[in-house]
Amino acid sequence: MNSPLSFADAGLPEQPQVLLVDDDEVNLLMTALALRDRGFRISEAASGERALELLVDWAPDIIVLDAIMPGGLDGFDTCRAIRTMAGFENVPVLMLTGLDDDASISRAYQAGATDFFVKATQWSLLAGRLHYLLRASRTRIELERSTAKLARAQDLARMGSFDWRRAEGGLVISPEGLRVFGFGPHDVVSLRALLRMVPREERRALLRLLHEVLRHSSVLATDVPIDLFDGRQRIIHVEAEPEFNEHGHSAGYTGIVQDVTDRRIAEDKIRHLANFDALTGLPNRRQLIWRAERALEHARRLQHQFALLLIDLDRFKIINDTLGHSAGDELLMEVARRLRGCVRHSDQVMEGALEAAGSRSHRTLEAVGRLGGDEFVALLPEVGEDGDAERVAQRILEVMREPIFVSGQECFVTASVGVAIFPRDGGTVADLMRNSDVAMYSVKAQGRNSSAIYGPQLAGRGREKLELETALHKAIERNELVLHYQPKIDVRSARMVGAEALMRWNRGGRLVPPGEFIPLAEETGLIVPLSEWALREAARQAKIWQTSFGFADSIAVNLPSHLFSRSDLIEHIHQCVTSFNVPHRVIMLEITETNLMKDLQDVIPALHRLNEIGVEIAIDDFGTGYSSLAYLTTLPISELKIDRSFVRDLGITPQSSAVVTAIIALARSLGLRVIAEGVETLRQMEVLHRLGCGAMQGFLFSRPIAPEDLERWLEQTVLPRKAPWIGQASELDFGTDAARAAGGRLYN
Amino acid sequence: MTAQPTRPAAVAQLDAQALARLRELDPDGRHGVVVRVMNTFESSSLRLLGELKLARDRDDTVAIGGIAHTLKSSSASVGALALSARCAEVEHAVRDGQIADLATQVENLLAEGEQALVAVRAMLRS
Numbered sequence: 001m002n003s004p005l006s007f008a009d010a011g012l013p014e015q016p017q018v019l020l021v022d023d024d025e026v027n028l029l030m031t032a033l034a035l036r037d038r039g040f041r042i043s044e045a046a047s048g049e050r051a052l053e054l055l056v057d058w059a060p061d062i063i064v065l066d067a068i069m070p071g072g073l074d075g076f077d078t079c080r081a082i083r084t085m086a087g088f089e090n091v092p093v094l095m096l097t098g099l100d101d102d103a104s105i106s107r108a109y110q111a112g113a114t115d116f117f118v119k120a121t122q123w124s125l126l127a128g129r130l131h132y133l134l135r136a137s138r139t140r141i142e143l144e145r146s147t148a149k150l151a152r153a154q155d156l157a158r159m160g161s162f163d164w165r166r167a168e169g170g171l172v173i174s175p176e177g178l179r180v181f182g183f184g185p186h187d188v189v190s191l192r193a194l195l196r197m198v199p200r201e202e203r204r205a206l207l208r209l210l211h212e213v214l215r216h217s218s219v220l221a222t223d224v225p226i227d228l229f230d231g232r233q234r235i236i237h238v239e240a241e242p243e244f245n246e247h248g249h250s251a252g253y254t255g256i257v258q259d260v261t262d263r264r265i266a267e268d269k270i271r272h273l274a275n276f277d278a279l280t281g282l283p284n285r286r287q288l289i290w291r292a293e294r295a296l297e298h299a300r301r302l303q304h305q306f307a308l309l310l311i312d313l314d315r316f317k318i319i320n321d322t323l324g325h326s327a328g329d330e331l332l333m334e335v336a337r338r339l340r341g342c343v344r345h346s347d348q349v350m351e352g353a354l355e356a357a358g359s360r361s362h363r364t365l366e367a368v369g370r371l372g373g374d375e376f377v378a379l380l381p382e383v384g385e386d387g388d389a390e391r392v393a394q395r396i397l398e399v400m401r402e403p404i405f406v407s408g409q410e411c412f413v414t415a416s417v418g419v420a421i422f423p424r425d426g427g428t429v430a431d432l433m434r435n436s437d438v439a440m441y442s443v444k445a446q447g448r449n450s451s452a453i454y455g456p457q458l459a460g461r462g463r464e465k466l467e468l469e470t471a472l473h474k475a476i477e478r479n480e481l482v483l484h485y486q487p488k489i490d491v492r493s494a495r496m497v498g499a500e501a502l503m504r505w506n507r508g509g510r511l512v513p514p515g516e517f518i519p520l521a522e523e524t525g526l527i528v529p530l531s532e533w534a535l536r537e538a539a540r541q542a543k544i545w546q547t548s549f550g551f552a553d554s555i556a557v558n559l560p561s562h563l564f565s566r567s568d569l570i571e572h573i574h575q576c577v578t579s580f581n582v583p584h585r586v587i588m589l590e591i592t593e594t595n596l597m598k599d600l601q602d603v604i605p606a607l608h609r610l611n612e613i614g615v616e617i618a619i620d621d622f623g624t625g626y627s628s629l630a631y632l633t634t635l636p637i638s639e640l641k642i643d644r645s646f647v648r649d650l651g652i653t654p655q656s657s658a659v660v661t662a663i664i665a666l667a668r669s670l671g672l673r674v675i676a677e678g679v680e681t682l683r684q685m686e687v688l689h690r691l692g693c694g695a696m697q698g699f700l701f702s703r704p705i706a707p708e709d710l711e712r713w714l715e716q717t718v719l720p721r722k723a724p725w726i727g728q729a730s731e732l733d734f735g736t737d738a739a740r741a742a743g744g745r746l747y748n
Numbered sequence: 749m750t751a752q753p754t755r756p757a758a759v760a761q762l763d764a765q766a767l768a769r770l771r772e773l774d775p776d777g778r779h780g781v782v783v784r785v786m787n788t789f790e791s792s793s794l795r796l797l798g799e800l801k802l803a804r805d806r807d808d809t810v811a812i813g814g815i816a817h818t819l820k821s822s823s824a825s826v827g828a829l830a831l832s833a834r835c836a837e838v839e840h841a842v843r844d845g846q847i848a849d850l851a852t853q854v855e856n857l858l859a860e861g862e863q864a865l866v867a868v869r870a871m872l873r874s
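Protein chains in written order, with the numbering used here: chain A, 1 to 748; chain B, 749 to 874.
By construction, these hints were calculated from the structure, which means they are not laboratory data.
Keep in mind that the hints are not guaranteed to be accurate.
To be verified - Derived CB-CB ranges, DEER-like: (1) B:Thr809 with A:Arg152: 55 to 61 Å; (2) B:Ala764 with A:Leu150: 39 to 45 Å; (3) A:Asp77 with B:Arg784: 56 to 62 Å; (4) A:Ala151 with B:Asp776: 31 to 37 Å; (5) A:Leu150 with B:Asp776: 26 to 32 Å; (6) A:Glu89 with B:Thr809: 51 to 57 Å; (7) A:Asp77 with B:Arg795: 19 to 25 Å.
Keep in mind the model is a prediction, meaning the values are calculated, not measured.
Yeah, the Cβ is synthetic: ideal placement off N, Cα and C, and Gly gets one too.
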């Protein structure tokens, strides 16, 4: 006990500050010396008055007061005065009394002293007592802090504690607990009063539970609805454990109460989010499948049919892409609202409640739900015959006919509906879903806006197309698209005079030919971003070639006619060429004759504007459509491309050379260039040349190839004049020596 | 109990045990504790003895008791045990209200106080 270190508890001041008050100067000096020697910092005061002065601006850890100080404030008065000072309510005060002074001891406590100590010269005992008091004071402060913290935490958690004693029959609730029930901290509340706050219906069940718990001395854990006096309804979680006396008998319960209303609301909300689509409020996939499973069980047990209708909006992606996602969302909400009206929709999540509702309960499963995207499902839990499901499908198509207003625009939306019926079209929900999907795709394939019931003949179609479509969607962002180029040749000079760009899709290492994805792209509207990408890529390639070998002609890009009617086409082309710093004329657009004639009125203004900025137009597959020659004379076009079918038959059927001759004559008289496509043999080349067509493209010269291969082809085939068609062409060229003049020049 | 004027011992001795305890406060004497305590005692007891005479002259019993109490413990501390005993005598007499012999007891206390001062001064000189 000699070393202050033995008291060096964590959190205690290393050198406790002591205010020592004694009117006996000798004693004051000696006590101070002794305590300093034991690690205390001592401030001395020779009177109570002096002590109070010191405390005005200083707070010691402990105060030691001589009790009897004649001639002024004695220890008792001083102690009383200290206790009234703010901040000194709990500072430990040790009162020094005489050995024979019993009266002072009790007076000391009355005056608010923490402890007393009989004056003696055994200094170690005094030091030990001071350490003890300091530690007790610290413990008390910590206890007070932790009690306050607990109360605050319980308050925040809307939680409180209680004790219930069997014997005294008493319920004691903490102030925090009282607050949970809406009472003030000093209210006295009986168990009976609390039970009266439970709504009558629940009260009986709660009382049963309480009796049961008491009988077995088991743990209580339950949620209790409560009507507070202010009218609010709360849910209180009660959790309590039995306490046993020394004989092992249950003496009572101790536990907590907590207001869990918010948590319950959140749980309900979570349950709703898990089962309902956030956008439309309709049952989601999970909920639909759960309902379908229940419907299937019912149908199996009661031997009836039920139907799944898969509803997919037609061309929803186009709406989303053109009007934006928020407009798309608006549209989906309106569609959801309309679809709901087509069935006896019930919103309820019925887990558990279903069995109790009797044999017709499956009727409440009927609903429209949203699987995701623009896919909806109607679940008809009981249908008599196919006609029942078809009638609902017709109703669905019917409600879509009214235009939908989104973003201030009138949109017309149609849907394709596929129907699968249990048990004929599938024995499980998964089978029914898949087969309704197959049926839906068959509708899409046949032009949409209709419905179909699944049949085995439909199986196997549709799904791959969907996958293809999904993959194509991502092809641009994944950089899977490439342009291949087929050179356009002037056979007289044996040089390249341009190239046609043809799109290829590098899908997982396999080059997908355009025939396999362009029709789908046109069908889904993806052709727009695809074409825009192609224009940009062609401009980029023109720049590369310009740098690499002085390319100064044009690259022809195929566009569907409806792209010509888009107002932003010109701007897009402008951006493409300016961002690569090439002239507008490096881009040439090809439109098929059939397409052009179909949308002629929509296309003409664009053709004029394109022409004005220097973008030339070629008419592709010329001769296969039904051109209005009257229009042809007025259209701002630059080139006619003779369709490959005529070229193929050249030298075989006389009719084909007649058509070719006519086209060439027409072009000449209209001042248009003419070029032959699909030239594969020297013979075809020779005939075309003889008929007056010197520009050609085809396998004879080169297949469509990657841009770097095209450069190599120029270097290794055209430049050294090694290809068979070069010699041939030169020999044909009686009139001019253009080819020789061009010499070995790769390119002008 | 009847108080007799007692003759103080010719040379008052300070109690060896008390002095030893004092020295314990400063075992190697570095801080001059004994001297400081003795000096403090000399000045405070001089003052207290003076105050006691004034209190006696005006018959202030309460003040007499208080001074005796204070001087009792400080004299015990320096080993002036005879003085401390006289102080206790006076203090108890006042506290218990048995003041018949108080005048004699106070004179004894004052005389013993002078002796204690002599002893303390002798000690300070040595």
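Structure-based check of all given hints:
1. B:Thr809 with A:Arg152: 55 to 61 Å: Once the Cβ atoms are compared, 58 Å apart, the range 55 to 61 Å for arginine 152 of chain A and threonine 809 of chain B holds.
2. B:Ala764 with A:Leu150: 39 to 45 Å: violated, 59 Å
3. A:Asp77 with B:Arg784: 56 to 62 Å: For aspartate 77 of chain A and arginine 784 of chain B the Cβ distance comes to about 30 Å; the hint is violated.
4. A:Ala151 with B:Asp776: 31 to 37 Å: Violated, at about 55 Å.
5. A:Leu150 with B:Asp776: 26 to 32 Å: violated, 53 Å
6. A:Glu89 with B:Thr809: 51 to 57 Å: Given about 38 Å between the Cβ atoms, the range is violated.
7. A:Asp77 with B:Arg795: 19 to 25 Å: holds, 23 Å
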